[in-house]
Structures are given as structure tokens and as C-alpha cells.
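Chemist: Based on these hints, arrange chain B on the given structure of chain A.
Protein chains: 2
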Amino acid sequence: MTEHHETILGLQDTTEVLHRISERLGEKYASIFAAETVERYVFESYAALARTAKVTAYLPVTAEHFAADRLHALATSKGAVASDVPEVVFVCVQNAGRSQMAAALLTVEAKGRINVRSAGSMPAAELDPAVRAAMSEMGLDLSRSYPKPLTDDVVRASDVVITMGCGDSCPIYPGKRYEDWDLPDPSGQSLESVRQVRDQIQERVRALAGSLLNPTEKDHI
Amino acid sequence: MTEHHETILGLQDTTEVLHRISERLGEKYASIFAAETVERYVFESYAALARTAKVTAYLPVTAEHFAADRLHALATSKGAVASDVPEVVFVCVQNAGRSQMAAALLTVEAKGRINVRSAGSMPAAELDPAVRAAMSEMGLDLSRSYPKPLTDDVVRASDVVITMGCGDSCPIYPGKRYEDWDLPDPSGQSLESVRQVRDQIQERVRALAGSLLNPTEKDHI
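Line by line, the protein sequences give chains A and B.
Residues in the first sequence are numbered consecutively from 1, following our numbering.
Residues in the second sequence are numbered consecutively from 1, following our numbering.
None of these hints come from the bench; they were simulated from the model.
Incorrect hints may have been included.
[Stated by the list, open to error] Cβ pair distances, simulated, as ranges:
1) Glu203(B) <-> Val108(A): 49 to 59 Å
2) Pro184(B) <-> Arg113(A): 49 to 59 Å
3) His19(A) <-> Ala34(B): 11 to 21 Å
4) Gly175(A) <-> Lys78(B): 53 to 63 Å
5) Val108(B) <-> Val108(A): 54 to 64 Å
6) Glu16(A) <-> Ser31(B): 25 to 35 Å
[Claimed, not checked] Straight-line C-alpha distance at most 30 Å; calculated DSSO-like pairs for lysine-lysine:
7) Lys54(A) <-> Lys54(B)
8) Lys176(B) <-> Lys54(A)
9) Lys78(B) <-> Lys78(A)
10) Lys54(B) <-> Lys28(A)
11) Lys54(B) <-> Lys176(A)
12) Lys78(B) <-> Lys176(B)
13) Lys28(B) <-> Lys78(A)
[Said to hold, decoys possible] Some chain A residues judged to face chain B by a derived CB distance under 8 Å, without partners named:
14) Ala47
15) Ala50
16) Val85
17) Pro149
18) Pro171
19) Ser187
20) Ser190
Bear in mind that the values here come from a model prediction, so they are computed numbers and not experimental data.
For each residue, glycine too, the CB sits at the ideal point set by N, CA and C.
So here's chain A without its partners, still in its complex pose (with noise of 0.2 Å):
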């Protein structure tokens, strides 16, 4: 009962982070989105982690990290605020390996000129750990990064969709490039299997690159 007791005064003052972060975001998106759009958005992607989500005492701060890219991603599909680089997400079931090593990859090998995302269909309650260790070893640090459902703010953004092992579960929109790469999937797995997935995906992120950079060289894809 006591225990019961705590938890509700605890996410008392989660109730009223939330309601602080949708001002901050509020204020930020003011000439775009209406205060309740915001609130919305933050109360739900809260809702969406909290679903799947392993670590809890920082949901917030991820909720809050969750919510304004989705709200950026919404202003960018709705042509208020201008993208002049190419938009990538990805797509894989848990976001908790392809998807999040092929976002970390692309995003190096951009060097800013593609922002880059990723999701899950059914969200993991963290990265694979060997995920992270093979990308660690490469001095990529996903320690901040964690898995979230695919929404369709973020799929409306994107001009290319990348899927892998989880194609029917993305809405199609027109005026989009879809794909649906054939990876083994590394959840569970040893990391010496990890790597050689990772590097798969390097592969095929760098010809992906090459064709949204260069679109005048011939497409390695």
C-alpha cells in the first residue's frame, strides 16, 4: 500500500514535467503548431515509451527529446520549417539494432547534409547491448539513443524509407522512396555476428549516401 502511495506521488511530479515541457515546446513552436497540438504530442510519446520502455527514471527527458523531434519532423512535412537536406528513416521491429546502427552510420557519413532517423514497429525495452558494443568499438556512443515506435509525423518527413524485416507494418505515402533491405537480424546475437551485420549495413548506408548526394552518379543501390 505504502509502496502503491509513493508511486503516485512520484509520477505526480512526472504529470507536471510533462506539463513543463509542453510549454517549453509550446513556446518554441508557437507560430506553427497550436498549445494543444504540443501537449498532445508530448502526453503521447510519454505514453508511447512507457509502453515499451525498459529504464523509466529518465523517461521524461527521453519523452521530451521524442516528442520535439516528432514535432519538428511534422513542421518539416507541412513545409514550416525548410529541410534543405535530403530525410531518412529507418525502419526495423525493435529499433534496437539494424535500425539504430544504419541511423548511426548514415548520420556519420552524411556529416549533416541527411538528417536521419529511425523506429521500430514494436519498440524493444532498450538497444541490444552487442549492438552497442560493435558500434562503441567503432567510437559511435548510442548510450543516449533508445527504441520508438514508428509514427506517421516521422514517416511523412522522410523522402526516403528505409525498411528492414518490417515492411507492412509502414505507412506508404506518395512522392517517397521506399526500401526494404534483407539484413539478418542481430537481436540476441554474438558480437562477432553483430559486426558483420554492422558492416552489411555500412555497405549498403554508404552507396544509399553516395545516391542522395551525388544523385547524378549512377545509383549503387
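Modeler: Then chain B, alone, in the frame of chain A:
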């Protein structure tokens, strides 16, 4: 290539259907929500179901139902729509068995005097066939029920939140009654096992209905 092209054409229609749904619901809620809010609800509800649902042919229809119910929940929690009956939500992991049975059984028990919803932390592709069968033999038709993710709006609108095996995944807001029911997961079980779970749920549901509808009685829970 042809197949891919056809898919895109097919889903261009989906986009149009979702816009028409947005207009319809937008008119209904014109005095309560901005058109932007309603459109976001429709498209995000569609994307959320598309992530996990198995059957996609009727997905826009299902998405309209889900979006309409979420908007109604949000309107209720804002006090913009009067609710003179208790609001209850049942939450399990897949929203394919326990929470669906509980919602159907409480709806029957309450005879309109309680508003009942259900949701899941990781929605399954479809309802468990044995669960449909066990409810069907009681005369309850779950053929139009569908697994859906737990959303902030539904939790907010609820006076009572009953979790079953997924307590951590549900946002806790002050002023609500939270209970966790310890019940076996019927997923993949035989019809006979599912019947036993169903009957356990029915017993608890009756006690819950009694405590909500006759609050002066001793609480049986």
C-alpha cells in the same frame, strides 16, 4: 517493380480515406478540438495500428473507430463532453486476450452504466482465436474487436485502470483508482484453459461492477 507501384497507388487511396475521416471527425468535434488535432489523431491512430495489425484491408475503418474513441476520451478528460458513468480501462500486454475479455464482460455486466475500454502495452496482430471462441460460446461477439496500444488520452479519461501483467507500462496519474489483477495469460492456451481464465475474470468483473455501481456496498475487490 509493378507490385511496388501498385502498393503505392493503393495507399494513395488510403491517404485520401484518412483525410475524409479527418474531415468527418473534425466536424463532429469542431467545437472542442482544432482540425489539426483531429487530423493528427486520425493519422497517428492509423500508423499505430499499421505497426502491429495483421489484417490491413479494413485498417482505415478500424483507425477511424480508434481515433474517434480516443478523441471522445480526450474530450471527456477535458470536461468538454459530460460523462455521468464511471470510465474503466483494462490493460494487458497484447490486448488480445485478458483485457478484451474483461472489457466485454464488464460491458455486459454494467448494461450501459459504465464506459469500458481496453488496450495493450505491446498490441498483438489480432485477437487470440481461443479467446474469441470462449467469448462466442457465451454469446459475446468479439469479431470487430482489435488490439490497440495504450494511449495517454484513454488513461486520462479513466476513473479506474486495471492492469494485468503490464503494470509498469501504464502512466500513473493522480485521482484514479489503479488495480493490478494477477491472472494467467491465455495467449496460445487451449480453449479449456481460456475458459478458466474467462471465468476468473468474470468473477472479478462482477465485484468491480458492484463496487462502482453500488459504492455504498462493502468493496468486494
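Chemist: Next, verify each hint and record whether it holds.
Modeler: Status of the hints after comparison with the structure:
A beta carbon spacing of about 58 Å between Glu203(B) and Val108(A) agrees with the range 49 to 59 Å that was offered as a hint. For Pro184(B) and Arg113(A), the Cβ-Cβ distance of about 54 Å falls inside the hinted range of 49 to 59 Å, so the restraint holds. Evaluation of the 11 to 21 Å hint for His19(A) and Ala34(B) yields a pass: the beta carbon distance comes to about 19 Å. Separation of Gly175(A) from Lys78(B) is about 36 Å and departs from the stated range, judged on CB atoms against 53 to 63 Å.
Distance hint check for Val108(B) and Val108(A): the Cβ-Cβ separation is about 57 Å, which falls inside the suggested range of 54 to 64 Å. The supplied range of 25 to 35 Å is met by Glu16(A) and Ser31(B), whose beta-carbon atoms lie about 29 Å from each other. Restraint check for Lys54(A) and Lys54(B): the C-alpha separation of about 26 Å stays at or below 30 Å, so the hint holds. Proximity of Lys176(B) to Lys54(A) is assessed by CA-CA distance (about 24 Å); at most 30 Å being required, the pair is judged to hold.
Only pairs whose Cα atoms come within 30 Å are accepted, and Lys78(B) paired with Lys78(A) is accepted, the gap being roughly 28 Å. The hinted pair formed by Lys54(B) and Lys28(A) fails the criterion: a straight-line CA distance of about 39 Å is larger than 30 Å. A distance of roughly 24 Å separates the Cα atoms of Lys54(B) and Lys176(A); the hinted pair therefore holds under the 30 Å criterion. Under the criterion of a C-alpha separation no larger than 30 Å, the hint pairing Lys78(B) with Lys176(B) is consistent with the structure, at around 15 Å.
With a CA separation close to 24 Å, the supplied pair Lys28(B) and Lys78(A) stays within the 30 Å bound. The closest approach between the C-beta of Ala47(A) and any C-beta of chain B is roughly 4 Å, which is under the 8 Å cut-off, so the hint is satisfied. Taking 8 Å as the C-beta contact cut-off toward chain B, the hint placing Ala50(A) at the interface holds, the least distance being around 5 Å. Violation of the interface hint for Val85(A) is found here, the shortest Cβ-Cβ separation to chain B being roughly 24 Å, above the 8 Å cut-off.
Because the closest C-beta pair between Pro149(A) and chain B is about 6 Å apart, less than 8 Å, the hint holds. Checking Pro171(A) against chain B: minimum C-beta separation of about 5 Å stays under 8 Å; hint holds. Here the hint on Ser187(A) is broken, as its CB sits about 15 Å from the closest CB of chain B, past 8 Å. Look at Ser190(A): its Cβ only gets to about 26 Å from chain B, farther than 8 Å, so that hint breaks.
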